[in-house]
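**Student:** Going letter by letter, the sequence shown gives residues 3 to 339 in the numbering used here.
Just so you know, these hints were derived from the structure itself, not from any lab. Careful, some of the hints might be misleading.
If you anchor each label on the Cβ, the simulated ranges turn out as follows [to be verified]: (1) Gly318 - Gln80: 26 to 32 Å; (2) Gln80 - Gln245: 50 to 56 Å; (3) Arg234 - Pro54: 32 to 38 Å; (4) Ala269 - Pro166: 25 to 31 Å; (5) Ala109 - Gln80: 18 to 24 Å; (6) Ala269 - Pro108: 33 to 39 Å; (7) Arg234 - Leu43: 25 to 31 Å; (8) Asn279 - Arg131: 44 to 50 Å; (9) Ala75 - Arg129: 17 to 23 Å; (10) Thr270 - Gly240: 40 to 46 Å; (11) Ala109 - Asp137: 34 to 40 Å.
The model shown is predicted, which means the values in this text are computed figures rather than measured ones. Even for Gly, the Cβ is constructed at its ideal location relative to N, Cα and C.
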Amino acid sequence: MTQPHGPLAQSADDPQEPDRHLTTLAGWRAFVDDQPVIPGLLSDGERDKLAPAARARYDEDRLDHHTRLLVVATSTVQHTVTCGRRLVLLNRHAVSARRGLMISGPAGTGKTTAITQLGRAHELLDRARHPGVSDRIPVVYITVPPAATARMVAVEFARFLGLPSRRRWNITDILESVCGVLTDARVGLVLVDELHNISLMTRSGAEVADTLKYFSERIPATFVYAGINVEREGLFDGTRGQQIAGRFTLVPTAPLPYNTEWQGLVATLENSLRLHNHKPGSLTSLDRYLHDRTSGMIGSLSHLIRGAALDAILTGSEKITKQGLDAIPLDHSSDSD
């Protein structure tokens, strides 16, 4: 197997903290391994007895807890994981024409969460099947850069692996290096995010699509794409588009309607709060307001509740109210509806 550089070659004694970006192998593995501990909530008497330094650490732990995005198994996440697992199994013995998955919908509807949870589930299953094996790379995650060229996308694969991509290397050198490492490392799932940055109407966009197709033919893995409304941006048009449409199952995402799933989502987020004066049920009683305010966008809902929780700790109110929620600015698309 080709000897890699960068994250793959780091010693276990390396004092540097791992890169937290999902687009590096170290960052992806940190994401898969991450199991944050939910802080307990002290009684008011116990909190009042804390020394100033201990009180500061206690509040910081709660702030850190609320900054994290709580992953809720929405119907989109569940459907993506089910479809992805099915395709991985169907492709297990395929030698060509492997099928892929494409997640497409408006911004803020949980596309990245869905594919990363699929990737995490796949990697954990692979680790369980091959305990103690350290040279496997079950999952690759990259994002398509804006105005991407074929070489830029190839470099993204190399960067994930920590492989060198010297200026004098042409795209063929990079492709061969990446394909060699990933084949030897038994990759099973390749996640490509931000696919809307590809336009088949441009020469560079068409070359990027051809490069991804080449990777999918050379690497024995299931490819999963995610992007904003890619089916509306001409990705399925023309000969190249027809090839993509013929090989990929489309999973559309959309804002959640106001229904029992939305109500359950709000209840789950409320149960995760660690605030001293928050009255249980006060957030779920606002679920209609929350839907109207966020237009059913999961990303906006998470931002709104987490922001209000942080303010509740920082101001000392220790509770979320409608007034506090009103004070949290959202993205332009949500606030302009």
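**Student:** Evaluate each hint against the coordinates.
**Tutor:** Checked hints:
1. Gly318 - Gln80: 26 to 32 Å: 39 Å, violated
2. Gln80 - Gln245: 50 to 56 Å: Hint violated: Cβ distance 29 Å, outside 50 to 56 Å.
3. Arg234 - Pro54: 32 to 38 Å: The hinted range 32 to 38 Å is violated for Arg234 and Pro54, with Cβ atoms some 55 Å apart.
4. Ala269 - Pro166: 25 to 31 Å: Violated, at about 49 Å.
5. Ala109 - Gln80: 18 to 24 Å: Given a distance of about 21 Å, which is inside 18 to 24 Å, the answer is holds.
6. Ala269 - Pro108: 33 to 39 Å: Hint violated: Cβ distance 24 Å, outside 33 to 39 Å.
7. Arg234 - Leu43: 25 to 31 Å: 46 Å, violated
8. Asn279 - Arg131: 44 to 50 Å: About 47 Å separates the Cβ atoms of Asn279 and Arg131, which means 44 to 50 Å holds.
9. Ala75 - Arg129: 17 to 23 Å: 21 Å, holds
10. Thr270 - Gly240: 40 to 46 Å: 43 Å, holds
11. Ala109 - Asp137: 34 to 40 Å: 37 Å, holds
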